[in-house]
Amino acid sequence: MKNIYFIIIALLILHSSCQNQNEAKLNFNSNWKFKLLDDADSESSLFKSDYKDSDWENVSLPHTAHLEPLVVNDQWQGTCWYRKTFEVPETKGKQIFIELEAAMNHSKIWVNGELLTVHQGGYLPIVIDVTKYVRKGKSNLIAVRLNNTDNAITGPKPLAKLDFNMYGGLYRNAWLITKKKVYISHPILADKVAGGGIFITTPEVSSDRSTVNIKTHINNESYHDKEVALEHVISFNGEKIQTQFASSQSIGSKNSVEFVEQFCIEEPALWSPDEPNLYTVHTKVLIAGNVVDEETNRFGIRKFEFKENRLYINGVETYLRGVNRHQEYPFIGYALSDNAQFRDAKKIKDAGFNCIRLSHYPHSPAFMDACDELGLITIDAILGWQYYLDSDSFREYCYRSATELVRRDRNHPSVLSWEVSLNETKMPVFFMQKLHDIVHAEYPSALTYSCGWMNDVYDIYFQARQHRIMHHYDSIQGKPYFVSEYGDWEYHSKNPGLNQHKFNDIMRAEKSSRQLRGDGEKRMLQQATNWQEAYNDNLTTAAFGDGYWVMYDYNRGYHDNIESSGVMDIFRLPKFGFSFYQSQRDVSDTIVLDIASYWNEESPLDLKVYSNCDEVALYLNNELIAKQLPDADSITKNLNHPPFTFNLGEFKPGVLRAEGYLTEQKVAENIVQTPGKATALKIWVDESGKAPQANLNDVVFLYVAAVDANGTIVPNFEGELQLETNADIKVVNVGPINCEAGIATALLRVGDKSGQVSINAVLNSLKADFAFEIEE
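Per numbering that gives the first Met the number 0, numbering through the sequence shown is continuous, rising by one, with the last residue being 775.
Please note that the accuracy of each hint is not assured.
[As the list claims (entries may be wrong)] Using 25 Å as the maximum straight-line C-alpha spacing, the simulated BS3-like pairs for lysine-lysine come out as follows:
1. Lys676 - Lys766
2. Lys32 - Lys131
3. Lys91 - Lys137
4. Lys34 - Lys137
5. Lys283 - Lys24
6. Lys47 - Lys107
7. Lys302 - Lys345
8. Lys478 - Lys433
9. Lys107 - Lys156
10. Lys24 - Lys689
[Stated by the list, open to error] Ranges of calculated distance between the beta carbons of each label pair, as one might list FRET restraints:
11. Val666 - Leu25: 49 to 59 Å
12. Arg297 - Glu257: 15 to 25 Å
13. Gln119 - Glu42: 16 to 26 Å
14. Asp605 - Asp207: 47 to 57 Å
15. Gln119 - Asn637: 39 to 49 Å
16. Asp605 - Arg309: 35 to 45 Å
17. Ser221 - Gln119: 29 to 39 Å
18. Tyr50 - Glu686: 36 to 46 Å
19. Glu274 - Gly77: 41 to 51 Å
20. Thr540 - Glu774: 44 to 54 Å
21. Glu230 - Val315: 30 to 40 Å
22. Asn709 - Thr635: 30 to 40 Å
23. Asp588 - Glu774: 27 to 37 Å
24. Ala770 - Glu274: 36 to 46 Å
None of these hints come from the bench; they were simulated from the model.
Where a beta carbon is used, it is the ideal one built from N, C-alpha and C, also for glycine.
Between the sequences and the hints, there should be enough to build the whole structure, so can you do that?
Structure representation (structure tokens):
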């Protein structure tokens, strides 16, 4: 018995060492050198191994090429360089790759002085086979030259007219991938239609029994033929539910094969926005019983189907209440940590949305993962906005982008459709047809959908509400129809058309949906009313879903103000309309009850309460104002849960209390108190499902609010925040940190040390100490 015990332990140790031996993907984010080039700098030797870069800045990825001010209307454009020395422990019998998840925008990459690739495009991965160019040891060097100036081949239109910013740098993760000579290919390098890597589909879906197809592409880079077998282990919630061995195949030297295996899963846990169930499949490549490569992928079992142009998810009709998103943060542009990407997705889910249109370019793999986990349907897009170049080079770039987008994201269950379209751009039919055909070739299924803003070719017609208003498109020619944008531009301009940079003089500020948190209650309530009216109108169309423009305030690039139609501001603080969208959720999901007022002398007396309750009672200083049903008027008749409007007649300071009722039972309460004089500070960190984490280049918002003796935020408080900390964190803000609506926000970058962080905050004469934990 004792001998058996030791044998088991030995086998476990051997198994563990084999797992470590086959760990192929290593984080490549740390210890980079960075330099912004100026006109006086020579580039002739920057790629060489013997170039001295000791005076360059030390950086980790994700990294932005240039920190920008809060309002960006003169974004840095130019050339920058990254260099990194790295170790390859072993090269003999290995295949070695470097993957950059994104590099903005035109790239040249050298390894040990050899130029290996010139790449156009800043949103999709660059994958390089460096096997022939690296040496064992620490003497290897990668040098990356990036240029983010206006680019006719990639588009979109020049930054001086563009209505968003593209920023710069190596702003996503980088990876060093080491494989043996027989290995699972990378889908980008394999360049196989509907192939390469591991491709998972679910051709038959039901709650009783579903099938899962797994196509695996194996390369043999050795000089000998190899007999190769596969093992797939499918797990759910950490428990193995099925193991399957594929029949072995012989792979010739310098050749490849595809394995196609089908699984049947009884009573599967299906993926949907309400229940985002995820499976994992762990794939092992075996030669003579030894594991030579392995990879783990997640997938969801789900079925997206249209019946009479209505969307059914796993047989259940579902309306997509969606929102658009730009991926920028203040100051750091696109350089969000993976945790920050998750926090963005979590807020979108918490706001009551079940769908995101990824406007107008591919978003981070980490964001896609978060959408899978949280249950957010995605509309996955190539780069495109108000720009088409009639050239083969531009078209080939777009075709490649569409191909690589599908290959990158095809295993994500959240993807409903592929927006292989240049938004708000007149495109020739042959160009659209080619993009549409690429989608269907790369993901061959009757339930694969392309989409685009023109009512030609594409499977799904995407149309912004302002274009419907302007052009009166009545016919959708029998296609599924989605309101791609609404609630902003039609309230911003008298002409809801294109070319925003020409219409600055006709903005109607007070009626616009573009309102900052600091613009006050009246304007934020007008903003929320616009959203309500537009959303109510969408529900009168044949649309199976819609996408409000936009989730987060963002920089417009060419303009000297922030585009402020966001449900949340650029610091991810909610506006009043956030509660409107929350209130459209079903009570089985969550009960919502929110008084949309600061309740001070400037507050509107027609007071809004957003709720999904049947009735709401409102009290002022414990005196009942009214108990009533939700509003019933022309802009509420299609809503699941209209707001409640109470007329208070006159302002009386004190306490507003709302009580929510379902079937005459009180189920919720919300209190708002008239703010008094600011006497203290309230400080909190935005975690949104992910605590600040060390050693990931994490970024997190720290909020400091001026509050009165009752803890009520004082919305008219003004001041400049000062922060002191001895911890391994850095305040990233460019310029002063000023209050807006009583709250000052600092963006913090987390360093390499975990543990408790202590901060001293000073806001005018108010002071406070605050501590929070940074996880390992």
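Hints and how they fare:
no.	hint	in the structure
1	Lys676 - Lys766	holds, 15 Å
2	Lys32 - Lys131	holds, 24 Å
3	Lys91 - Lys137	holds, 15 Å
4	Lys34 - Lys137	holds, 22 Å
5	Lys283 - Lys24	holds, 15 Å
6	Lys47 - Lys107	holds, 13 Å
7	Lys302 - Lys345	holds, 23 Å
8	Lys478 - Lys433	holds, 19 Å
9	Lys107 - Lys156	holds, 23 Å
10	Lys24 - Lys689	holds, 23 Å
11	Val666 - Leu25: 49 to 59 Å	holds, 51 Å
12	Arg297 - Glu257: 15 to 25 Å	holds, 21 Å
13	Gln119 - Glu42: 16 to 26 Å	holds, 19 Å
14	Asp605 - Asp207: 47 to 57 Å	holds, 52 Å
15	Gln119 - Asn637: 39 to 49 Å	holds, 45 Å
16	Asp605 - Arg309: 35 to 45 Å	holds, 36 Å
17	Ser221 - Gln119: 29 to 39 Å	holds, 33 Å
18	Tyr50 - Glu686: 36 to 46 Å	holds, 42 Å
19	Glu274 - Gly77: 41 to 51 Å	holds, 48 Å
20	Thr540 - Glu774: 44 to 54 Å	holds, 46 Å
21	Glu230 - Val315: 30 to 40 Å	holds, 35 Å
22	Asn709 - Thr635: 30 to 40 Å	holds, 33 Å
23	Asp588 - Glu774: 27 to 37 Å	holds, 29 Å
24	Ala770 - Glu274: 36 to 46 Å	holds, 37 Å
Checked against the numbered hints listed earlier, the structure breaks none of them; every hint is satisfied.
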